[in-house]
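J.: This is what each chain is made of:
2 protein chains.
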Amino acid sequence: MNLTDILKLDDRGLIPVITVDFYNNQVLMLAYANREAIEMSLKTGYAHYFSRSRNKLWMKGETSGHTQKIKQILFDCDEDTLLYKVEQKGAACHTSHRSCFYREFYRGEVREIEPVIEDFDGIIYKTEE
Amino acid sequence: MNLTDILKLDDRGLIPVITVDFYNNQVLMLAYANREAIEMSLKTGYAHYFSRSRNKLWMKGETSGHTQKIKQILFDCDEDTLLYKVEQKGAACHTSHRSCFYREFYRGEVREIEPVIEDFDGIIYKTEE
Numbered sequence: 003m004n005l006t007d008i009l010k011l012d013d014r015g016l017i018p019v020i021t022v023d024f025y026n027n028q029v030l031m032l033a034y035a036n037r038e039a040i041e042m043s044l045k046t047g048y049a050h051y052f053s054r055s056r057n058k059l060w061m062k063g064e065t066s067g068h069t070q071k072i073k074q075i076l077f078d079c080d081e082d083t084l085l086y087k088v089e090q091k092g093a094a095c096h097t098s099h100r101s102c103f104y105r106e107f108y109r110g111e112v113r114e115i116e117p118v119i120e121d122f123d124g125i126i127y128k129t130e131e
Numbered sequence: 003m004n005l006t007d008i009l010k011l012d013d014r015g016l017i018p019v020i021t022v023d024f025y026n027n028q029v030l031m032l033a034y035a036n037r038e039a040i041e042m043s044l045k046t047g048y049a050h051y052f053s054r055s056r057n058k059l060w061m062k063g064e065t066s067g068h069t070q071k072i073k074q075i076l077f078d079c080d081e082d083t084l085l086y087k088v089e090q091k092g093a094a095c096h097t098s099h100r101s102c103f104y105r106e107f108y109r110g111e112v113r114e115i116e117p118v119i120e121d122f123d124g125i126i127y128k129t130e131e
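Here the protein sequences come in this chain order: A and B. Under the numbering used here, the residue at position 34 of the first sequence is numbered 36, and the numbers go up by one with no gaps. Under the numbering used here, the residue at position 44 of the second sequence is numbered 46, and the numbers go up by one with no gaps.
Don't read these hints as lab results, they were simulated from the structure. Quick caveat, the model's predicted, so the values are computed rather than measured. Accuracy of the hints is not assured; some may be wrong.
One copy or any two copies: either way a pair holds, since identical chains are not told apart in the list.
[Said to hold, decoys possible] Straight-line alpha carbon distances no greater than 20 Å define the calculated EDC-like cross-link-like pairs of lysine to aspartate or glutamate that follow:
#, residue 1, residue 2
1, K73, D12
2, K10, E89
3, K71, E41
4, K73, E116
5, K45, D7
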């Protein structure tokens, strides 16, 4: 059975993909896939998407190294949304936040609720020489 | 600040909403909201969506009782996806599964990975009379 035969792509040939952290279910991002992106994800085991702005297939982390190894693939009751559970390397968001959903709306204000991820440089344990 | 002023709705005036369980982050469903659905969600504290098939506003659980009390509202880096963290009553899915994502695709097969939710009828503890 082919996954792409089960799914209902929209009139642009796309389907939304919710990507979450396999280990704690944190929602990392929402992106879109076309048939080719789904097939490449299945074939390689790494999340591929279709960029609507650049109008092309892309592998998540191809340049940043922040890849998403797919651990589980789910789809919803209407077969029109995918859910990838992934092992996320580093930040899923181009802003260096772990998740693209790093801001909340609370009582009329926008608040950042997540730090950016930075490489630990060991400063805390540096001793004077 | 108005949430609807921050968000970028698509050319149909819609934005995808990922809805997750506030307590364990399980993804429950993906639906769409228009400006009115967002405003009604903010005003009432309960998740409202816009049905693309019925072309109308609906409050989740209005007939089933399976309401979603919103605990937290997040949005993504592009401001084109919403994330509601909710207190879900009963099943989020019309199939009586807790989540609409109750099926996985695994090695060419589709598998149900969640039971349906049924009201507990106390049968286990019934004693013969």
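J.: Output the numbers, in ascending order, of every earlier hint that fails for this structure.
T.: 1, 2
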